[in-house]
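Mind docking chain G on chain A? Use the hints.
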Amino acid sequence: MARANAKTMTITDEFAAKIKLDHKKERLMKWTPILVLVVMIVVFTAIMGNAFFSVGNLVALLNQMSIPLMVALGLTFVIMIGSIDLSINGTVGMAGSLAGVFLLNTRTEFDLGIWGLVLAIFCSVLIGFIIGMMHVKLKIPSFMVSFAFMNICIGIGMLSYGGIHPTIEDPFFRSVPQMSFLGIPAIAWVAIIVFVICFFIQEYTPFGRYVYAVGTDETVPRAVGVNVSRVKVMVFTLAGFCFGVAGVVGALRLGQGQVGIGTGLMFPAQAAVVIGGTALSGGKGGVVNTLIGVLIMTVLFNGLTMVGINPHIRTGIEGAIILIAVILTVKRGATIISK
Amino acid sequence: MKKMIALLLVVGLMMMGLVACTDSDSGDTGTEAPVAEAPADDADVAEEPDEAEAPDAGATDWSSFVLDPSQIPQEKLDTELHIAVSIRGLDNPYIVTKIEGMNMFSEWLDSIGQAHTTQVLDSGGSNDVEINNMRQFSALAGGNAIAYADPNESAIAPALAEAMAEGGGFMGTAWNKPDGVGPMDFTPNWVIHTSADNFTGGYETARLLFENMGGEGNVFVIEGMLGNTAAIDRRRGFDAALESFPGITVAHEDTGNWLTAEALTLTETWLNVTPDVGGIWCANDNMATGVLQALDNAGLLGEVGVTGIDATDDMVAAVRAGNAVATVSANGFLQSSYTLAIAYAAWTGLLDVEELPQGYREFFTPSVLVTTDNVEQFFADFVENAPSFDFTNIFYARASAME
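Chains A and G, in that order, give the protein sequences.
Under my numbering, the residues of the first sequence are numbered 8 to 346, in order.
Under my numbering, the residues of the second sequence are numbered -13 to 389, in order.
Hints in this document: simulated from the structure, not taken from any laboratory.
Just so you know, even glycine gets a beta-carbon here, dropped at the ideal spot from N, CA and C.
Treat the hints with care, as some may be off.
[Claimed, not checked] So the derived label-pair ranges between C-beta atoms look like this:
(1) 151/A with 59/G: 51 to 57 angstroms
(2) 188/A with 235/G: 33 to 39 angstroms
(3) 271/A with 230/G: 31 to 37 angstroms
(4) 101/G with 330/A: 39 to 45 angstroms
(5) 188/A with 286/G: 18 to 24 angstroms
(6) 230/A with 212/G: 39 to 45 angstroms
(7) 235/G with 320/A: 18 to 24 angstroms
(8) 36/A with 167/G: 50 to 56 angstroms
[Unchecked claim] Per the computed footprint, the stretches of chain G lying under chain A, defined by three or more beta-carbons under 8 angstroms from a beta-carbon of chain A, are:
(9) 79 to 91
(10) 216 to 227
(11) 250 to 259
So that you can see chain A by itself, here it is in the shape it has in the complex:
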């Protein structure tokens, strides 16, 4: 039947049919991450019963997804312009350490209150800006600059408290992990606000559109007069902001500052961004995709922890499930036309 049609089709028809098919595929692909998430929730609820869907665990899930979400949001913009940021473990750890050091704590004399947190986030923003500038001006690949800065930031973080973790003693900031509003923990509210900011930037600002344009093919926006370098630097600075907030929130959640807050965040964040459907090649995806990706990762880790799989094989199972999720959600086989 198709072959018979093909005989009578003109090249234009065939081209249109191909685009149509691609669009159909794309619409379907958009829903697969959500499908994966739903399947996971159903499976874990079936195994664990009420414990998984209890109010307590929903709150735990919100707490556990907050820091990965903020990290992944920052990373999303970087990945959308086709770059990569490997500084995450360092910048998040540094911001967390500095937050611990600047608040009233057991290690230093500082007691800067909220300004301490602002200062810690500012340091992370500054690092993001420097990474962007070095990437653009010195033409060093982003993964190389950011990798170097991961180590630099870990160094700064460790120096700030000299090995013994500063425990936060400020009564208000100590009680932040216990605070909640409308049943949602305060830490999750911070993540929600960062998400809304990122969503707004992506959807309603020219910068948000430039990000897609730069990621798709940077010669095009350059040709129409967009300052591509500036967009890139802004993307890394925005990422620095997200990592900084994540670090500060991490310190509040732990009740102390330490470089360990950033440890192990990078690859789950990359996986979350990709599972959500943002292409590593750039120009595709967005913060909503990342939200779904982070939800998938958080539900996976939380569910497996609850089910209590032998820790020796657990990491392997996590890897296998992530791989399956990527296979299901990453767009393949599309022609260049629909990019």
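Just chain G now, with coordinates in the frame of chain A:
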């Protein structure tokens, strides 16, 4: 021929050592507290196997070996000695105490007029970096080097010793080394290998935790990094204690990778499945701190017993406040400073490494079990004030020979 005699002697000593070890072991696995209250007690306890190691009555009593500063040749005192501690990263309060230990030893060297410099070799958790660091350190020092190394993984301990042997310096390792290879294989450069008794630490904290729970209820287990020697031995200790408490059930277990944040997440999740938990056993204090935070967030702080190992400031404070049951101090000050003291004695030539029996080349260092009973004393001795040691008694930190 000489080699043959030496080999026979070594084998003989090893046999003696084994006999001595089995004797002391029978005490270790019992329910009596094998973790000493204070290092000084251990030094006394340690004398028992020495008699078995000494083949004849006229042999040296190594436990009372004294490094007399007046005997050190002036030429040695004037030579600049390079001192290092090799560690995997500065982000661990326990590791910081090892650097403090080096500084304490450095002060003592100042007091006896020994010219020296100190440095920290940070591997950042990389095996290759640690080996290269040691190679460079040893080569630059040209034989005038002593070091305390905490091998990143068991497998690299011999490579570190080899690196030190190439330059002709003297080194002691702690915690990790592979079975079957040891200081005896790199005489005289690999002077000693020491470790705190991880098994006993795991056993004692678990025992106290179960007793605190009245011998029954649910426990959570947060293990260290899988495959890590310390993590495995501490867990073995936990399991041994569990056998004597049939009323205790392990509700959940997983690895927290030594990290505070991971332990927090695990506890947060498990509390939703098993809210009636009675105790949480952690393989180190860094993770126990995360557990305490999770309990605090859930409003359960002080109601659920928590134990850890390392005696970090946070956990000592938690024991004082009644929020944690126990922790164990491996005493990093003692470990690094006395390892350096023994290596120093070897470098001066006053200690002949070749004569040292195996029980003095591989031994356990004392641990202090910190509980509500002795936490105030511990706080005064180790947290508020740095301890002071007499480095002339170089085997002060030897509790018992290793198996």
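Determine whether the Cβ-Cβ distance between residue 188/A and residue 235/G falls within the hinted range of 33 to 39 angstroms.
holds (37 angstroms)
Range hint 39 to 45 angstroms (beta carbons of residue 101/G and residue 330/A) holds or violated:
violated (59 angstroms)
Tell me if chain A covers the region 250 to 259 of chain G under the three-residue, 8 angstroms CB rule, please?
holds (count 9)
Against chain A, does the region 216 to 227 of chain G show at least 3 residues with beta-carbon separation below 8 angstroms?
violated (count 0)
Range hint 18 to 24 angstroms (beta carbons of residue 235/G and residue 320/A) holds or violated
Holds, at about 22 angstroms.
Go check the region 79 to 91 of chain G versus chain A for me, would you? Three or more residues, Cβ under 8 angstroms, otherwise it fails.
It holds, with 4 qualifying residues against the three required.
Using the C-beta atoms of residue 36/A and residue 167/G, is the stated range 50 to 56 angstroms upheld?
Hint holds: Cβ distance 55 angstroms, inside 50 to 56 angstroms.
Mind checking the hinted window 39 to 45 angstroms against the Cβ distance between residue 230/A and residue 212/G?
Check failed, 54 angstroms falls outside 39 to 45 angstroms.
Residue 151/A paired with residue 59/G, Cβ distance criterion 51 to 57 angstroms
holds (52 angstroms)
Kindly confirm whether 18 to 24 angstroms is satisfied by the beta carbon distance between residue 188/A and residue 286/G.
holds (22 angstroms)
Is the gap between the beta carbons of residue 271/A and residue 230/G within 31 to 37 angstroms?
Holds - the Cβ-Cβ distance for residue 271/A and residue 230/G, about 36 angstroms, lies within 31 to 37 angstroms.
When held up to the earlier numbered hints, the structure conflicts with 4, 6 and 10 and fits the remainder.
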